[in-house]
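J.: Chain by chain, the residues:
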Amino acid sequence: MSREVYARLVEEFPGSSLEYLEGKEPAISVKANDLFGVARHLKEKEGYDYLSAVTGVDYPDRFEVVYHLYSMKERKGPLTLKVSASKEEPEIPSVTPIWSGANFQEREVYDLMGIRFAGHPKLTRILLWEGYEGHPLRKGFPIEGYKSMGQEEPS
Amino acid sequence: MERIETRLRTETITVNMGPQHPSTHGVFRMIVTLDGETIVDLEPVMGYLHRCHEKIGERNTYLQNIPYTDRLDYICSMSNNMAYVMAVEKLAGIEVPERAEYIRIIVVELTRIVNHAVAIGALLNDLGCFFTPMLYGLEERERILDLFEMASGSRMMCNYMRFGGVRHDLPPGFMADLKEIVAALPPFIDEFERLLTENEIVLARCQSVGILPPEKAIAYSCTGPLLRASGVNYDIRKVDSYSIYDHFDFDVPLGRNGDVYDRYLVRIGEMRQSVRILEQAMEEIPEGEVSVKLPRVFKPPEGEVYHRIESPKGELGFYLVSDGSTNPYRYKIRSPTFINLTVLPELCKGNKVADLVAILGSIDIVLGEVDR
Chain A
1 MSREVYARLV
11 EEFPGSSLEY
21 LEGKEPAISV
31 KANDLFGVAR
41 HLKEKEGYDY
51 LSAVTGVDYP
61 DRFEVVYHLY
71 SMKERKGPLT
81 LKVSASKEEP
91 EIPSVTPIWS
101 GANFQEREVY
111 DLMGIRFAGH
121 PKLTRILLWE
131 GYEGHPLRKG
141 FPIEGYKSMG
151 QEEPS
Chain B
1001 MERIETRLRT
1011 ETITVNMGPQ
1021 HPSTHGVFRM
1031 IVTLDGETIV
1041 DLEPVMGYLH
1051 RCHEKIGERN
1061 TYLQNIPYTD
1071 RLDYICSMSN
1081 NMAYVMAVEK
1091 LAGIEVPERA
1101 EYIRIIVVEL
1111 TRIVNHAVAI
1121 GALLNDLGCF
1131 FTPMLYGLEE
1141 RERILDLFEM
1151 ASGSRMMCNY
1161 MRFGGVRHDL
1171 PPGFMADLKE
1181 IVAALPPFID
1191 EFERLLTENE
1201 IVLARCQSVG
1211 ILPPEKAIAY
1221 SCTGPLLRAS
1231 GVNYDIRKVD
1241 SYSIYDHFDF
1251 DVPLGRNGDV
1261 YDRYLVRIGE
1271 MRQSVRILEQ
1281 AMEEIPEGEV
1291 SVKLPRVFKP
1301 PEGEVYHRIE
1311 SPKGELGFYL
1321 VSDGSTNPYR
1331 YKIRSPTFIN
1341 LTVLPELCKG
1351 NKVADLVAIL
1361 GSIDIVLGEV
1371 DR
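Here the protein sequences come in this chain order: A and B.
Okay, so the first sequence: first residue is 1 according to our numbering, each after it adds one.
Okay, so the second sequence: first residue is 1001 according to our numbering, each after it adds one.
Each hint should be verified, as a subset may be incorrect.
In silico DSS-like cross-links for lysine-lysine, where the CA-CA straight-line distance does not exceed 27 Å [what the hints assert, rightly or not]:
hint, chain 1, residue 1, chain 2, residue 2
1, B, Lys1216, A, Lys76
2, A, Lys43, B, Lys1352
3, B, Lys1179, A, Lys24
4, B, Lys1179, A, Lys43
5, B, Lys1179, B, Lys1238
6, A, Lys87, A, Lys73
7, B, Lys1216, A, Lys122
8, A, Lys122, A, Lys43
9, A, Lys82, B, Lys1179
10, A, Lys76, A, Lys24
11, A, Lys73, B, Lys1090
12, B, Lys1293, A, Lys24
Simulated from the structure, these hints should not be mistaken for laboratory data.
Let's have the full structure, built from the sequences with the hints guiding it.
T.: If you want it as C-alpha cells, here you go:
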C-alpha cells in the first residue's frame, strides 16, 4: 500500500527527493525541504488524518525522524515517513500546523534528541527542565549525565 | 456619561495547580491563566517522574525490558507487557501458541476492567465524592489482582509475558476462580451504574463539560476512550485485529457529545464488552503449549518495527530498531496518555476552573507513562 502512495507522491512532487525504502515495514523517505508539502498532501489528499507517533533516532551518520501515519476515516495505515537531519545542526520543519497532535511529540524529540523543529509554536523542553545540559537520547550522552548528581538540581 | 465598568481595570491571574495537588493523579502541574473563574489558557508541565526510560531500554537486553514496561502505566502492566512482546515478536518473526494468545487476551481484558474501574473511581474523587466510589472499584480490582498473583506471582508488576508466549501456564484452580469473578462482574458494573449513571450530581458536573469535537480529537491524535467518547469509531482491536481479537464478538461503545459524561459512559460500556470477551475466551481456550523455545542469547534480526495495541488508555505503541545485537538500538514508546494530554489546553479553555480537575480526571492519565 505504501508503494501506491509513493507512486502518487512522485507524480505530485516531480523532481523532489522521495525514496522508497524496502524492509519489514516499508517506508517513504523525504528530504527536510519537501517534508511540509508532502505531509500536507498526505493529510489533505491521501486522507492520513492521524499522526500516531513521532520518533527521533540517532544513527552514526545522521539523525532520523520517523512519522507513523494512519487514517482514522478510511482505516488504513501505517504509512511510515522518514526524514534525515544532519549531525551538526539537526533541524527539520515542524508538522504541528498540519497535525496538532505533533506538538508535544516534537517537543519531546527536541528535548531528548536535540532535533530542532522550525515553525513549532513553542519549542521548549518538555520532560527535562530548562537549562539541562545535553540531550540524553543521543548515543554519545554519558549514562550518568554531564554533571554529577547534586549539581543538577533544577533551579 | 462614563459607565462604571470602563473604569474598572480587570486582570487575568495565573494559578499554579500542582505538582502536589490532590487531583492531579501524581506529580503533574498545570499553569492556569484565569479570567475570574474562566480558564483562558493552560499549560501542562510534566517530567517530574522522568527517568529516561527509553535510554534505559537501550542499555538493557530485549528480555530485561519486559519488567521495565510494567512500570510505565503501573495499573495496566499486563497490556504494557503485551504491546512490547508483540513488537519484539513481529521483529523476530516469532509465532505464539494459541493457548498463550488466549491467556494474554484474558489477562489484558481483566486489566481493562481494572483500569476503567479505577479511572471512574478517580474521576469521582476529582468531582469531590472522595473515595467511596473509588473503593467500590478497588474492591473489584483486588479480586482481579489476586488472579494476576496466581498467574504471575505479582499483583501489580506482573512481568508475565515472554517473547513467544507467557512465563507459566495458568495454575490449577485459576479457571475456576476466573469463572467466579467474571460471573460477579456484571452485577458489579450494574451496581456502579445504579449509583452513578443517573446520579444528579454526576450529571450536573459532567454533562456538557470539556467537550471535544470529533475532528479536533483526530487532529490532536487522541486515542482510547477519549477519542471514542467523541463518536469516532476507532478501536485498534477492531482496526488491526492483532493477536486473536478477530475470534471474538464484541462491540465498540461510542459517545455522542464528547463530554466528560460520555467518557464515563464509554468506560462503563467497555467494561461490559470486556466481560463478553472474557466469557468467550474462557469457553474456547484450548489446551497446549504456552511458550516457544528461544535461544538463550536472543538476537532479533536487523530491522525496525512499529507495533501498537489498544491499551485501556489508548494506543500504546512500541517502535524498535534492531542492529542485530542483544540490545535494542532504539526503543521508543508511544504512550497514550502523554499524547492525549496534548489536547488538554483546548479542552479546558472557556470552562470554569472548578471543572478543570474533572476534565483531567476524564482523560485518565498515569504519570509513570506520561513522563517515562
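J.: All the hints need checking, so say for each whether the structure fits it.
T.: Here is how each hint holds up against the structure:
1. B:Lys1216 x A:Lys76: Holds - the C-alpha atoms of Lys76 of chain A and Lys1216 of chain B are around 19 Å apart, at most 27 Å.
2. A:Lys43 x B:Lys1352: This hinted pair is violated, its Cα atoms lying about 34 Å apart.
3. B:Lys1179 x A:Lys24: 41 Å, violated
4. B:Lys1179 x A:Lys43: Outside the cut-off at roughly 47 Å; violated.
5. B:Lys1179 x B:Lys1238: Holds, at roughly 25 Å.
6. A:Lys87 x A:Lys73: It is violated: about 37 Å lies between the C-alpha atoms, which goes past 27 Å.
7. B:Lys1216 x A:Lys122: Holds, because 20 Å separates the two Cα atoms, which is no more than 27 Å.
8. A:Lys122 x A:Lys43: It holds: about 22 Å lies between the C-alpha atoms, which stays within 27 Å.
9. A:Lys82 x B:Lys1179: 48 Å, violated
10. A:Lys76 x A:Lys24: Holds: Lys76 of chain A and Lys24 of chain A sit about 18 Å apart, inside 27 Å.
11. A:Lys73 x B:Lys1090: 26 Å, holds
12. B:Lys1293 x A:Lys24: With Cα atoms ~23 Å apart, Lys1293 of chain B and Lys24 of chain A stay inside 27 Å; holds.
Checked against the numbered hints listed earlier, the structure breaks hints 2, 3, 4, 6 and 9; every other hint is satisfied.
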